[in-house]
Amino acid sequence: MNEAGFGRLTDPPASLLVAGARVLDPAHGTDEVRDLGVVDGVVVDAADVPADASRIDGHGLIVAPGFCDLHAHLREPGDSAAETVASGTRAAAHGGFTTVCAMPNTDPPIDEPRRVEDLLAASRDAACRVRVIGSVTVGRSGTMVADLAGMAAAGAVGFSDDGSAVPANGIGEALRSLATLDRPMFEHAEDPGLAAAGELRAGATASTLGLAGWPAEAEITVVERDLALAAETGARIHLTHLSCARSLEAVRRAKADGVRVTCDVTPHHLAMPETWVAGDRAFAWESPRVDASLAFDPSCRVNPPLTTREDAMALLACVADGTVDAIATDHAPHPSERKLVPFDAAAPGLIGLETALSIGLVAVEAGVLPMAALIAALSTRPAAIIGEARGIRVGATADLVVFDTAARWRVDRSMIASASTNTPLLGMTLPGVVRLTIANGRVTYRA
Amino acid sequence: MTVGAPARAWTHRHLLDVDTLSRPEIERVLDLADEMREARETRAYRSLLDLETVALAFYEASTRTRVSFELAAKALGATVVDLAVERSSAGKGESLVDTLRTLRRVGATIVVLRHASAGAPYLAARETDLSIVNGGDGTHAHPTQALLDALTLREELGLLDGRLLAIVGDVAHSRVARSNIHALTTLGARVRVAGPPAWVAGFEQWAGVEVASSLPAALEGADAVMTLRVQSERGAVDGVGSLAAYVRDWRLDEERMSLAKPGAPILHPGPTNEGVELTAALANGPRSRIGRQVEHGVTVRMAVLALVAGVA
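Sequence order for the protein chains is A and Z.
So the first sequence is numbered by the numbering used here: it starts at 1 and just counts up by one.
So the second sequence is numbered by the numbering used here: it starts at 448 and just counts up by one.
So that you can see chain Z by itself, here it is in the shape it has in the complex:
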């Protein structure tokens, strides 16, 4: 390929989580994503995956992740099929493994899998000879989101060594938070998590993570802040009081953000509930990198697909 960085070790056929990636491997993804963005004008990579068929198997709803994987695969020249679970045999009760084996037989080589069950991509990787990219599994992992967040933070802050990221909200039920903790601590950052007690329970045991007991304590001195989606449509505010109480205690606003480092960027994995996780003014203001995260989503996923296909 013409956009190749000096080749560095990448031995993974799958991307199941970021916890098994070394720092050089994570940096390889981010560097390659930067190259993909710079090469967009020339489309130098447009036939990189022309031998691959990428199947999108999304067993949970998604806009950002599914569309950005589709665009990423197409930008690299792959054939792309969307399983459209609700219209396929999977919707008739066919097992995940059977569906994936069928996809393999019809020619798919890479499957991007999103599933409500934690660990579903591990099953897929063991039981098929497909290359599996985890597009989010239950409350376990969302590796490409963590990688695009890391790219967004690196763009803002440079090297992340010693930097402090605050993650606010329902950390316990967040695959985004878990994968971010792995990625950012591997890159040398410290992570502080905060939210209602039931939403941060257990994280004091994680290496490199501190649990803050209040929003001000979480934001104090943070180099960047990520707030997570409150999944009120799933009844996720149960057990932590009302949505109003959450907003009162945990919503990011201009005044609270003044505790963080000046200009500290705000990230959100989307879709946002403006007025719940953060004010509309913050979401649309100069600190917000929410739009930039979405842009990085495509290039990071291009890099990941090229790496698992072994062509970068």
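Looking at chain A on its own, in the form it has when it is part of the complex:
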């Protein structure tokens, strides 16, 4: 995808009118068809938009608060073959995101205040806001807790050793430090001993394919550990990319007990059950459609592994009922040479920024996810976790996405703005085309 249609946060603020769109704003509980005006980057009454301003026919379009991704890998610094801030934020804008949280497992890792500042400086003219997650431990080594207060002062909105859980001998100290900073710890909940070399959720598909099984206990035990420590320390914990129904049950109980816990799930765990590794290409709520020639597709290799159909449906139900706070992409770009290898050797992860909305809309079309819950999980609720405001009201800076729910697009390489194309969705036709993204009052993408 070329750069035409993309803007930057440093562009002049936008003035335009979206006429007759469905404005769906979870921040204010509104869902109504109306005209929406923006002048100089600020939401105004439609009547106040100058006659010569750009006008978009909003018929059939939804306007929602700008999406916020709590978990993305922009691969900067150190891995520009996979992604850069420039390409990753264009992918974000193309997917309707106005904020992405960049995970710190870069080379070098973001583990000191200077590196937080460097990444923020490198993102100033990007196509969406980049928020920085700092490493919990120095070098992500799991041994020594990093300068969390310094990184928070430099702008880090949370901390994570994503790619691994913080080890048991460091997590207590880290959470006690965080309790005074009011920044959440984003935990990749996975016990390395229990996960062993697991390649696929333990179960029928792993057994059939002869792949090493990854037991749900690898996640659940760390979730339970962290919930106990969060309760003890009063720190905020954010459990990212949860993939097991039992983890969500534990979160539900902890929330009821007043523990300061939030969590996200990914579009792929919601929608693509483990059978995708055997060549299935039906979503979790559909009957399986297996094409055996697609078996062992390395683009389905991800950590945590794709989940069971039952757990996927449980995750969806938890998005619908609010137990899950956010849908986060875990956008994990990899160049083709890291994926054109046998399944067990493939780098884990798939890109997600440009398909998250579409997957959500497939679920909405199927009747397994309410539209309002999808929008809230993509926009207002994740934004609140990192302290960002959202909401479409007169006088506020415009930060929104306009998308067509009925239009469909074919996911192919030419349509992807990310520098990488590792997704098993390639070749599929999905609903949901973003027409306009406005971040901080600037048009960052317009179709």
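To be clear, the hints were calculated from the coordinates, so they are not data collected in a lab.
All figures in this text were calculated on a predicted structure; none of them were measured in a lab.
In this text, a Cβ means the ideal position worked out from N, Cα and C, and glycines have one as well.
Anything over 12 Å on all C-beta distances counts as not near chain Z; from chain A, calculated:
1. Asp107
2. Leu229
3. Ala231
4. Arg281
5. Glu388
6. Arg393
7. Val394
8. Asp412
9. Thr429
10. Val433
If you want the footprint, here are the derived chain A segments under chain Z, 3+ residues with CB under 8 Å:
11. 200 to 212
12. 336 to 349
Some but not every residue of chain A turned toward chain Z, in silico, with C-beta under 10 Å:
13. Val277
14. Gly279
15. Ala292
16. Ser293
17. Leu294
18. Ala295
19. Phe296
20. Asp297
21. Pro298
Starting from the structure of chain A, add chain Z where the hints point.
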């Protein structure tokens, strides 16, 4: 060709596993293998693959499978190249896909691929325009072994409908067991697997498979018994106790075999650890079909190569 059976559907360019083969397709392979054996004297098939170049790409050690594929390809008139992984660029870290594309450029048309990674042949089939025959991938599949085992069993037992095969040993890490389960259940047989709990975990979920909790329970009434290689050189006895405990609980011997049907044949994919999986007396005794399996290896692989090349 002169040895042609009445043509039946075979539409596969690759043989990646047996799980996508129908019963008529499996029977087509076995029938063709029988014809190949009968025609050996006249060598009627000796130029069947004269337009093909078969590359043997074995990323894991093998004697039986590699040699029998080589002999099979040569018997059909193919040009055969052995990649000799340890002496090739693959040994210098060239990726599998790059190596296979190079083989294609130098003229290979069919690749027999053995690889330690489950699914490697699927990658090869998707990313090259070679015809791929799976010579064993990780712990996933070993389709030609399953087909030669099915041929051996059919020769002994006739039609396999309703027959009961016991598979004993490290089923969980066995590509031979997985492919045999697919092939034999497709042919109408029932499969009973048995071994230490960690070695049969998960197989209760397989259609047509029952998990026996002890060797006597596995052997009771079996029409045939297959015992799998204990891969002690890979530390495979870890987690299931000692090798001595395995021998005590799971080794086939004359007395234990008396629980099976009279004369029930014994199969083993080889190489055997005599005294571990089975006694030397059984391995070399009248029930053993281990040698016959090896003989069938060549003719089954001839049939497979002819079918994927589209000349049979």
